Amino acid sequence: MGTPEKTTRATRGRRYRRIVWWTVAIILVGAVALPLGSYVYTGFQPAYAQAVEDTNPRANYWRAVRSGDQGYTSVVGQETNVLVQNGGQNWRQYRNRLLANYGGWALFGLALLILLFFGWRGRVNISKGRSGVMIMRWSSLERFVHWYTAILFVILTITGLSMLFGRAVLIPLLGPRGFAAWADIAMGLHNVLGPAFSIGVVVMILMWIPRNLPQKGDGEWLAKFGGMFNDDVHPPSGRVNAGEKIWFWIIATVGVGVIVTGFILDFPNYGQTRETMQLANIIHGALALVWVGVWFGHAYLGTIGTEGTLEGMTGGYVDANWAEQHHDLWYEEVRHGGTQAPQGATERAKPGPGGEQPA
Amino acid sequence: MARMKFLCDAERCIECNGCVVACKNENEVPWGVNRRRVVVLDDGVPGEKSISVACMHCTDAPCAAVCPVDCFYTTDDGIVLHDKDLCIGCGYCFYACPFGAPQYPQKEAFGVRGKMDKCTFCAGGPGENNSDEEYTKYGRNRIAEGKLPLCAEFCATKALLGGDGDMVADIYRQRVLKRGGRPQTWGWETAYKKAG
Numbered sequence: 000m001g002t003p004e005k006t007t008r009a010t011r012g013r014r015y016r017r018i019v020w021w022t023v024a025i026i027l028v029g030a031v032a033l034p035l036g037s038y039v040y041t042g043f044q045p046a047y048a049q050a051v052e053d054t055n056p057r058a059n060y061w062r063a064v065r066s067g068d069q070g071y072t073s074v075v076g077q078e079t080n081v082l083v084q085n086g087g088q089n090w091r092q093y094r095n096r097l098l099a100n101y102g103g104w105a106l107f108g109l110a111l112l113i114l115l116f117f118g119w120r121g122r123v124n125i126s127k128g129r130s131g132v133m134i135m136r137w138s139s140l141e142r143f144v145h146w147y148t149a150i151l152f153v154i155l156t157i158t159g160l161s162m163l164f165g166r167a168v169l170i171p172l173l174g175p176r177g178f179a180a181w182a183d184i185a186m187g188l189h190n191v192l193g194p195a196f197s198i199g200v201v202v203m204i205l206m207w208i209p210r211n212l213p214q215k216g217d218g219e220w221l222a223k224f225g226g227m228f229n230d231d232v233h234p235p236s237g238r239v240n241a242g243e244k245i246w247f248w249i250i251a252t253v254g255v256g257v258i259v260t261g262f263i264l265d266f267p268n269y270g271q272t273r274e275t276m277q278l279a280n281i282i283h284g285a286l287a288l289v290w291v292g293v294w295f296g297h298a299y300l301g302t303i304g305t306e307g308t309l310e311g312m313t314g315g316y317v318d319a320n321w322a323e324q325h326h327d328l329w330y331e332e333v334r335h336g337g338t339q340a341p342q343g344a345t346e347r348a349k350p351g352p353g354g355e356q357p358a
Numbered sequence: 000m001a002r003m004k005f006l007c008d009a010e011r012c013i014e015c016n017g018c019v020v021a022c023k024n025e026n027e028v029p030w031g032v033n034r035r036r037v038v039v040l041d042d043g044v045p046g047e048k049s050i051s052v053a054c055m056h057c058t059d060a061p062c063a064a065v066c067p068v069d070c071f072y073t074t075d076d077g078i079v080l081h082d083k084d085l086c087i088g089c090g091y092c093f094y095a096c097p098f099g100a101p102q103y104p105q106k107e108a109f110g111v112r113g114k115m116d117k118c119t120f121c122a123g124g125p126g127e128n129n130s131d132e133e134y135t136k137y138g139r140n141r142i143a144e145g146k147l148p149l150c151a152e153f154c155a156t157k158a159l160l161g162g163d164g165d166m167v168a169d170i171y172r173q174r175v176l177k178r179g180g181r182p183q184t185w186g187w188e189t190a191y192k193k194a195g
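Chains A and B, in that order, are what the protein sequence lines are. The numbers in the first sequence follow numbering that gives the first Met the number 0, run straight up by one, and end at 358. The numbers in the second sequence follow numbering that gives the first Met the number 0, run straight up by one, and end at 195.
If you are wondering where the hints come from, they were derived from the structure by calculation, not from laboratory data. This one's a predicted model, so the numbers in the text were calculated from it and none came from an experiment. From the three backbone atoms N, C-alpha and C, an ideal C-beta is built for every residue, glycine too. Where hints are given, some of them may not hold.
What the hints assert, rightly or not - What follows is a list of derived Cβ distance ranges for each label pair:
#: 1; chain 1: B; residue 1: 147; chain 2: A; residue 2: 75; range: 23 to 33 Å
#: 2; chain 1: A; residue 1: 167; chain 2: B; residue 2: 31; range: 32 to 42 Å
#: 3; chain 1: A; residue 1: 187; chain 2: B; residue 2: 178; range: 48 to 58 Å
#: 4; chain 1: A; residue 1: 103; chain 2: B; residue 2: 31; range: 33 to 43 Å
#: 5; chain 1: B; residue 1: 59; chain 2: A; residue 2: 231; range: 52 to 62 Å
#: 6; chain 1: A; residue 1: 336; chain 2: B; residue 2: 108; range: 47 to 57 Å
Work out the full structure: start from the sequences and follow the hints.
Below, the structure written as C-alpha cells:
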C-alpha cells in the first residue's frame, strides 16, 4: 500500500525542482534582457538623442567668456578687457603643490642624502699626502668670475627660496611682520642682483666652453662615478673631469633657462601677459630648484668632500699630488711640459694659501 | 552671518561705468588702478553684454593661496581683504586671480610694483575702522558704517547687486521669473529642452 504514496512524493519532488530551475532561469534571463531592452525603446526615440547634441547659444556665450575671450573695456591697462583668465588656477596648483611642496621636500631630501653620504664616506684625502709642489689650476680671471657668480648665486638662492618656502618655514619662525620685512628685502635683492648674476653666468659659460667639451675618458669616468664611492678607483680625467663638465652644461642649459625666465618676470613693464608670466614663473622655479640641487653636490665636492680642491679656486694653485690623484691626464700634461709648466716648488713651496703643510 | 557677494545682471548692465567712478571717488583709488571695470562682450554686435567686474571675494581665494607673505584674510562676512603692511608687491596674486582684480601702482622704472590694491567690498582693511590710516591705505569702510559697497548702491539700472548672498540670490531669482525666461544657468536648455 506504500507505492501510490511513494509515487506522489517522487512526482511532487520532481515538479518542485522543475519549478525552482525555471524560476532561476527566468530571473537570470530577465535580469540580463530587460535592461538591454531600453535600447529598443531609445531606438524608436531619436529625438532624445538629438536633444543632447544641441548646443545652447547662451551657455556657449558664457563658456567662451570663461575661456578668456576678449571684450572691450574703457579702463586702460594690461588685459583689462579679459573677463576671466583661466591659467591662474593651474599656476596655483603647479606652484603650491609641485614647487613649494614636493620641490621643497626633494631639496631637503637631497641635502640629507649628501649629509649621510659624507657621514659614510668622509673626506676624500690626498692619498699620498701633500707634496708641497703647487700647480696653477685657475687663473685670477677665472677665479674672479667664479666667485662673482658664486656669491650672487648664494644670495639669489637664499632670497629665492625665501620667497618659495618662506610662508611655510619662515613665518612660523619670524612671525608675519618679521617675515614680510625680510621678504621685501629678499625680493628687492633677487630682482636687482638677478641681472648682475646673469652677466657672470654668461661670461663663465663663454670662458669655459672649450674646457668642457667631451673628451676621451669621460665615459669611463662617468661609468665609475669618478671614483666617488671608492678610494682605490681613479678613472682618468683631464683638466676638467666629466662630473665638472656635466655641472657646466647644466649651467649652460638649466641656468640659462632660469635667467631667461627671470628676465621675463623681472620686467613686467614690457607688456607680457599673465599667461606668459605664469609659465615663466613655473619654469623659473622648477629649473632653479634643479640648479640648487645640483649645486649642493658641487659645493659639497668642492669644499668638505675632497681635500685640496677648494684651494685651487681660492688661491689658484693645487697640490701636485692632488692633481695626480684627481686629474691624472692633466697632471701628466703639465709634468711633461705641456701648455703650463709646473709653478715650481721654489716659488710655491711655502705654505700655500690656506693649505697646511704635511708633517 | 551674512556671506557678502557681488552679482552683475548682464541683462541690465548698460556700461555706464558709474560703478567704476563711484568706486574711484569713494575710495580715493590711486592713479592707474581701477578696482572695478566694465567689460563689454561682443561690443556693437547682436548679443552684446556688459559686465561689471571687481574682486569676487572667493571662498577659496587663489590670491590668498599663493601669497608668499600670507597677507590675505577673510572677514566674518566672507570678504577677502589684505594687509598692505605685509604686502611686498610680488605680483603672485595677479598671476593667480582669474578676474584681474589685484593691481599695483607702478613705483619706479622697470615696472617695479608697489603694494597691491584691490576691491575691499568697501570694508577697508586691518586696523581701526574708518581711521585716517585705513582710509589712506584701503579706502572707505562703508561696511563698518552699516552701508553696502558704493558701486552697487550707485548702479542706475540695479544691474550690480552687492550684499548678503541670500538676498542677492532672491532678488535675482525674482527677476528671472518676472522676465519669463529661463534661468541663465549653463546647460539649462540642454537639460530641460522639450522633446520634439
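Hints, verified against the model:
1. 147(B) - 75(A): 23 to 33 Å: Given a distance of about 28 Å, which is inside 23 to 33 Å, the answer is holds.
2. 167(A) - 31(B): 32 to 42 Å: holds, 33 Å
3. 187(A) - 178(B): 48 to 58 Å: Roughly 54 Å apart at Cβ, these two residues keep to the hinted range, so it holds.
4. 103(A) - 31(B): 33 to 43 Å: holds, 36 Å
5. 59(B) - 231(A): 52 to 62 Å: Between residue 59(B) and residue 231(A), where Cβ atoms are some 59 Å apart, the hint holds.
6. 336(A) - 108(B): 47 to 57 Å: holds, 56 Å
Of the numbered hints given earlier, the model fails none.
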